[in-house]
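K.L.:
Residue-level listing of the chains:
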Amino acid sequence: MGLNKIDANTLYDILEAGFFNLSIHHKLINDLNVFPVPDGDTGTNMRITYKYGMDAIKDKTSVSNMLNELASGMLLGARGNSGVLLSQYFRGIADGLKDKATIRVSDLVSALEKGYQTSYSACEDPKEGTILTVQREGIENIKSQINDKTDFDMLFALVVEEMRKSLDNTPNLLPILKESGVIDSGGKGLLTIFEGYLKSIKGENIESSLLSEDIDGNSSMPKSNIDYSLFNEKSNLDYGYCTEFLLQLLSSKINIKTFNIDDFISFLKDHGNSIVCFQSGTIVKVHIHTKKPYQVIEYAQQFGEFITFKMENMALQHNNVLAKENERKKERKKVAIVTICQGEGIMSLFKELGADVVLNGGTTMNTSTAEMVDAFKQANADTIILLPNESNILLAAKQAKELYKDSEIRLIETKNIPQGYSALSMLMLSDNPDEVYNSLLEGASSVLSGFVAQSSRESTIQGKISTKGSYIEGIDDKLISFKENRKDAVIDLLSHISDIKDKQVLFLIKSKNVPDTEAEEVVSIINEKYPNLEVGLIDGKQDIYDYYLGVDK
Amino acid sequence: MRKVKVILDSTCDLTPELLEKYDIDYCEMGVSIKDKEYPASLYWDKISPKEYYDFMRNNKNERVLTIQVREKTYETKFNKYLDEDKDIIYISCSSALSGSINTGRSVAKRLMEERKGYKIVCVDSLTSGMNQGFLGIAASELSSKGKSVDEIAKYVEENKLKMNQWATVGDLKYLAKAGRVKASAAFFGNLFGVKPIIISDAKGNNFAYKKVKGRDNSLVEIADSVKNNIVDPENNFVAVCHADCLEDAEHLKELIEARVKCKGVMIMPLGPILGASCGPETVSAFHFGKEVTLVGE
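Respectively, the protein sequence lines represent chains X and U.
Reminder that position 161 of the first sequence reads as 142 in my numbering, one-by-one numbering, no gaps.
Here my numbering runs 8 ahead of the position in the second sequence, where the first position is 1.
No wet-lab data here; the hints were simulated from the structure.
Bear in mind that the values here come from a model prediction, so they are computed numbers and not experimental data.
Glycine is no exception: its CB is placed at the ideal position from the N, C-alpha and C atoms.
Please note: incorrect hints may appear among the correct ones.
Claimed, not checked - FRET-style restraints, in silico, Cβ to Cβ:
1. U:46 with X:496: 36 to 44 Å
2. U:244 with X:416: 26 to 34 Å
3. U:103 with X:105: 49 to 57 Å
4. U:298 with X:480: 36 to 44 Å
5. X:477 with U:24: 51 to 59 Å
6. U:24 with X:416: 42 to 50 Å
7. X:505 with U:43: 26 to 34 Å
As the list claims (entries may be wrong) - With a straight-line cut-off of 20 Å between C-alpha atoms, the simulated EDC-like cross-links for lysine to aspartate or glutamate are:
8. X:534 with U:224
9. U:190 with X:416
10. U:181 with X:520
11. U:190 with X:412
12. X:484 with U:229
13. U:218 with X:412
14. X:81 with X:129
15. U:153 with U:33
16. U:117 with U:92
17. U:94 with U:158
18. U:190 with X:333
19. X:484 with U:224
20. U:68 with X:501
21. U:181 with X:515
22. U:124 with U:158
23. X:484 with U:289
24. U:235 with U:258
25. X:482 with U:224
26. U:185 with X:333
27. X:482 with U:255
Can you make the complete structure from the sequences, with help from the hints?
P.N.:
This is how it looks when you write it as structure tokens:
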């Protein structure tokens, strides 16, 4: 008979194993992205979401508290649709295990059901063939096989097996997956997490040498703009250093089996505060605020060597928080606009058009709920209108809207940059939130958007095979055609827009890869071909999409 | 009682025929292109509207500057009609757009001191274009009915805010460069296909109070605004002024006629001064209507 009761300690190990496994495989999951445009980031998004959850765990003694903290952390850190659906899933699981000190198999079965139900209810239009299906089938299809004799080893084995089957079937449910010859990336992420759980239950170590160097996920998070002048020649070290590292225990240095994490922790306690320290296999993770980091480093190095290391002056962080707070205390506005975009040109344009806070979504536009909430704080207004400009963060945006209570948040579901531009270009500034909202909404809904981007791999578009490196043409989020040459792709894309000859306005937003001369040439070709169109060219300087375009509807 | 001469200035946009028909004179402003000055003539005798707006189209980086009425011009014009034994009502371009009226007032004051008994009343129209023109026409009609200069001035004061203007432009760059339209900076950013609707507000400023997508929609918006705001249409003309875009002006005329039965819709060129600030392809409807109360921030 295997494990039939899980206590808080065991649960933490299991949850962590899931995170490790996801961290090892997240790049693989990224590659499953359906769009042959290299902005795939499902794996990264899920990992960052999960990491927020793990970091939020403070109480490691109670199952229900731990899961609650995990779920709240995930909710806040959720990135991308898969991240949001993962966070909702764990929210449901945590609710299902409320008040439990330990978990029995039957508890977890009903919690997993509650998990997928919560996920489904978060979507207005739940799509099958996605992470949702894998969440649901993973438990629904095996429920009947569970009985009194089922232990956790068997339960997790069944769930993992069923999730795998469900995942393999996703291309049959979602045509776009089949066309691209891939399985659903969000579902794959979920399976990867559960595979980690199963390994932990079976007592298998997750090959820690495979852990990618950026285990903290920090490298994928946008760097906040720290004002270095905040710590200057007149400053004192009041707060010490926030020190974080992953230590690989080395058998060349010590007998790893006799390594005592509690001794390690008590040393840390004498040398600083805000300590988070735990061991997973032969890796020790440490987070400490200390004024004398060299003592901690020297001590830790007796046992092994560092895999990652990060140190920041807390005074800077603290001052930065103060600076932010001061900014927040500025006069509260009646209406403010928060928007997300990418590319230096687009960012400054959106500011110029009247957006109060312009968040940099990064190349993959995977802004988290937490970042949006921060932006709301910064915007500091009675009513805040949010333009996400990316379909993949609409759920995270909805979640941010739900979570934030200090302002009335209104969401205009702009799905791409051209929609965002069109919305802002119609903005009428006013203290009346309805007027501002309506002007933006009118702008957002009056544009047809398209793009041209270089394909990162071979794919099938409308029955034809496009090679890697060709230029893909899209209208809204549909792939229309492709061309070997970028200029041809733009011109060809226009010919796919019905009644283009009756349209009045076209704007093009070019990436930093596109030379001015090329863009100007494209404009003059369009001018000649469609004299009815008033063509505007914007130097957006975005990364991945070579051209965005918008045409009046 | 003395006869009253109605004098306007270059922003009134009356055609030579209307100037003659209503016996109205105007004080000339000027434009300056590449440091060379030209009179802002409503007779278009040195340069045709087409040539003028083509110049702006082909020299997008060249700003056409406007020059207010000079002291000497006022002196000459005012003296001319005082010599004819007439009182004068000068209805000026909005003081929010041009400083001319200040010069006009000081010249008027000086001349009245020199010629005791004569009256020159300067009225700030708080508007421009054909609305200023319409006020001039009304003043001239009152004058031919034998009204005194004070009675005419009272009428103009009481009715000037009932003049409605609905304008849109071809390219926002001209407005941005000239800086004579009030609007948030956001209005003049990189806006493609977005057309402002510009009114003359209650303080005499041109104010971009609304954005519309696309040229066609902006013309429809103007026609709708005319319909919703015109007063006593059967007895009032609507003027459609255009900066060398006759087709659009005719289209707007049709749109207006389809919506409201007014005394007539007249089409005429947008004068050189307004044209300098708004650029080619500007179209504007002017008419007598509901009192304007909106004030642009």
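K.L.:
If a hint holds in the structure, say so; if it does not, say that too.
P.N.:
Against the structure, the hints come out as follows:
no.: 1; hint: U:46 with X:496: 36 to 44 Å; result: 41 Å, holds
no.: 2; hint: U:244 with X:416: 26 to 34 Å; result: 31 Å, holds
no.: 3; hint: U:103 with X:105: 49 to 57 Å; result: 56 Å, holds
no.: 4; hint: U:298 with X:480: 36 to 44 Å; result: 38 Å, holds
no.: 5; hint: X:477 with U:24: 51 to 59 Å; result: 52 Å, holds
no.: 6; hint: U:24 with X:416: 42 to 50 Å; result: 44 Å, holds
no.: 7; hint: X:505 with U:43: 26 to 34 Å; result: 33 Å, holds
no.: 8; hint: X:534 with U:224; result: 13 Å, holds
no.: 9; hint: U:190 with X:416; result: 19 Å, holds
no.: 10; hint: U:181 with X:520; result: 18 Å, holds
no.: 11; hint: U:190 with X:412; result: 17 Å, holds
no.: 12; hint: X:484 with U:229; result: 18 Å, holds
no.: 13; hint: U:218 with X:412; result: 15 Å, holds
no.: 14; hint: X:81 with X:129; result: 19 Å, holds
no.: 15; hint: U:153 with U:33; result: 18 Å, holds
no.: 16; hint: U:117 with U:92; result: 18 Å, holds
no.: 17; hint: U:94 with U:158; result: 13 Å, holds
no.: 18; hint: U:190 with X:333; result: 17 Å, holds
no.: 19; hint: X:484 with U:224; result: 10 Å, holds
no.: 20; hint: U:68 with X:501; result: 17 Å, holds
no.: 21; hint: U:181 with X:515; result: 14 Å, holds
no.: 22; hint: U:124 with U:158; result: 16 Å, holds
no.: 23; hint: X:484 with U:289; result: 18 Å, holds
no.: 24; hint: U:235 with U:258; result: 17 Å, holds
no.: 25; hint: X:482 with U:224; result: 14 Å, holds
no.: 26; hint: U:185 with X:333; result: 17 Å, holds
no.: 27; hint: X:482 with U:255; result: 19 Å, holds
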